[in-house]
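J.: The primary structure of each chain is shown beneath.
There are 2 protein chains.
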Amino acid sequence: MKKIHLQRVAPADIEARSMELIAQELGERVFSPEQLPVIKRAIHTSADFDYADNLVFSADAVAKGIAAIKESCTIVTDTQMAFSGINKRVLEKFGGRAVCFMSDPDVAAEAKARGETRATVSMERAAALEGPVILAVGNAPTALVRACELMDEGKFRPALVIGVPVGFVNVVESKELLLSMDVPHIVARGRKGGSNIAAAICNALLYQASGNARE
Amino acid sequence: MKKIHLQRVAPADIEARSMELIAQELGERVFSPEQLPVIKRAIHTSADFDYADNLVFSADAVAKGIAAIKESCTIVTDTQMAFSGINKRVLEKFGGRAVCFMSDPDVAAEAKARGETRATVSMERAAALEGPVILAVGNAPTALVRACELMDEGKFRPALVIGVPVGFVNVVESKELLLSMDVPHIVARGRKGGSNIAAAICNALLYQASGNARE
Numbered sequence: 001m002k003k004i005h006l007q008r009v010a011p012a013d014i015e016a017r018s019m020e021l022i023a024q025e026l027g028e029r030v031f032s033p034e035q036l037p038v039i040k041r042a043i044h045t046s047a048d049f050d051y052a053d054n055l056v057f058s059a060d061a062v063a064k065g066i067a068a069i070k071e072s073c074t075i076v077t078d079t080q081m082a083f084s085g086i087n088k089r090v091l092e093k094f095g096g097r098a099v100c101f102m103s104d105p106d107v108a109a110e111a112k113a114r115g116e117t118r119a120t121v122s123m124e125r126a127a128a129l130e131g132p133v134i135l136a137v138g139n140a141p142t143a144l145v146r147a148c149e150l151m152d153e154g155k156f157r158p159a160l161v162i163g164v165p166v167g168f169v170n171v172v173e174s175k176e177l178l179l180s181m182d183v184p185h186i187v188a189r190g191r192k193g194g195s196n197i198a199a200a201i202c203n204a205l206l207y208q209a210s211g212n213a214r215e
Numbered sequence: 001m002k003k004i005h006l007q008r009v010a011p012a013d014i015e016a017r018s019m020e021l022i023a024q025e026l027g028e029r030v031f032s033p034e035q036l037p038v039i040k041r042a043i044h045t046s047a048d049f050d051y052a053d054n055l056v057f058s059a060d061a062v063a064k065g066i067a068a069i070k071e072s073c074t075i076v077t078d079t080q081m082a083f084s085g086i087n088k089r090v091l092e093k094f095g096g097r098a099v100c101f102m103s104d105p106d107v108a109a110e111a112k113a114r115g116e117t118r119a120t121v122s123m124e125r126a127a128a129l130e131g132p133v134i135l136a137v138g139n140a141p142t143a144l145v146r147a148c149e150l151m152d153e154g155k156f157r158p159a160l161v162i163g164v165p166v167g168f169v170n171v172v173e174s175k176e177l178l179l180s181m182d183v184p185h186i187v188a189r190g191r192k193g194g195s196n197i198a199a200a201i202c203n204a205l206l207y208q209a210s211g212n213a214r215e
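Protein chains in written order, with the numbering used here: chain A, 1 to 215; chain B, 1 to 215.
In case anyone wonders, no lab produced these hints; they're calculated from the structure. Cβ atoms here follow ideal geometry from the backbone N, Cα and C, with glycine treated the same way.
Derived CB-CB ranges, DEER-like:
#1 B:A108 <-> A:P33: 30 to 40 Å
#2 B:V9 <-> A:S180: 16 to 26 Å
#3 A:H5 <-> B:Q24: 39 to 49 Å
In silico SDA-like cross-links for lysine to any residue, where the CA-CA straight-line distance does not exceed 20 Å:
#4 B:K3 <-> A:L179
#5 B:K88 <-> A:S103
#6 B:K112 <-> A:A12
#7 B:K88 <-> A:P105
#8 A:K3 <-> B:D152
#9 A:K3 <-> B:G190
#10 A:K2 <-> B:S58
#11 A:K3 <-> B:V172
#12 A:K3 <-> B:K155
#13 B:K2 <-> A:S58
#14 A:K2 <-> B:E173
#15 A:K3 <-> B:S180
#16 B:K2 <-> A:V56
#17 A:K2 <-> B:E149
#18 B:K112 <-> A:P11
#19 A:K2 <-> B:L150
#20 B:K3 <-> A:E173
#21 A:K93 <-> B:S103
#22 A:K2 <-> B:L179
#23 A:K70 <-> A:E92
#24 B:K3 <-> A:D152
#25 A:K2 <-> B:K155
#26 A:K2 <-> B:G190
#27 A:K112 <-> B:A12
#28 A:K70 <-> A:L129
#29 B:K2 <-> A:R157
#30 B:K2 <-> A:R189
One chain only, chain A, in its complex shape:
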């Protein structure tokens, strides 16, 4: 077997060491102290430094996400992958929970009956939730567009929208729509994003809310 030289870093310290290396590579660039952990965690999950440039935060978006977490919010995702990636242990400490309606059989049945997409029906489910909601969209631009319509109609008031769908069809447009809305948002401008990025941003907020930045 080939000899490889592994860095001797204890498993518990690997994340901290990774964050140091990311900070080094970001160099002299200045980011706001509450946004930096979000940016670093998006880079940590992708090794893609484009997230240092493409993440756009509305005023106080991070503070509003943290406040929602402290008020036992529901985090709504548009994929099971994003749901899986969210640190539920930390979320539950705050009395919160994460949900994904996309594969619920009744959502599929209603979507079929109405000739709508599951993403559309899922967003309507999200709008009907009680208490503060963080909406984290990492996949479906249709979900993001429907959420914006519901907000425009005054039927949905999320505490924060994490708008990071990935892809090539209507993705950029859906994010530009969100950027124009009067709702707290964190957006990965352009085509990049994904369920991993959505989960990473949620976790960055959770760790800041815990007072354990784990940058």
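Here the structure of chain A is known, so what remains is to put chain B in place on it, guided by the hints.
T.: Frame of chain A, contents of chain B only:
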């Protein structure tokens, strides 16, 4: 609400349209016909064209993955996120299943008792499975290194190893180790990768095995 111009693409056609756009952007570059769907699906899940350059395939890696799927393989992942992203419906059509041992309570208990990482114990569980195994590592370089050690000791013979951990500590080294091993492999050389990429590669193989390339 801002007016946006969405492309009129039926939901069922969005993936096909995305793959067309990716193919256009890849331009005149020539890829082997069995590798191309894997490359395109990695780009589809990340909007990151670096995967056109960093994915490395051992000889017949794709064919061996497809053969394993047709022989009702077990796909072992190192994260719940990658597990969530795999199309289990298609996998189950072939009599296969996906598993992730990382959050099993008995794996955690054994790891603690032995002073090992959960990733190490998980790989030992994978090595003990009957039937063909596709190992998909999207997160933990320690898992990949332990899997290579088990292979070197003759204790683990996966049909295919998808080695796409992401990150900054021992990630590059773990992939270079896998690249040196005499085992069928698909590797994202460098720091990039992730659970989404691991799942995307599995799905690309599943769709090819189904004869529905869904490129």
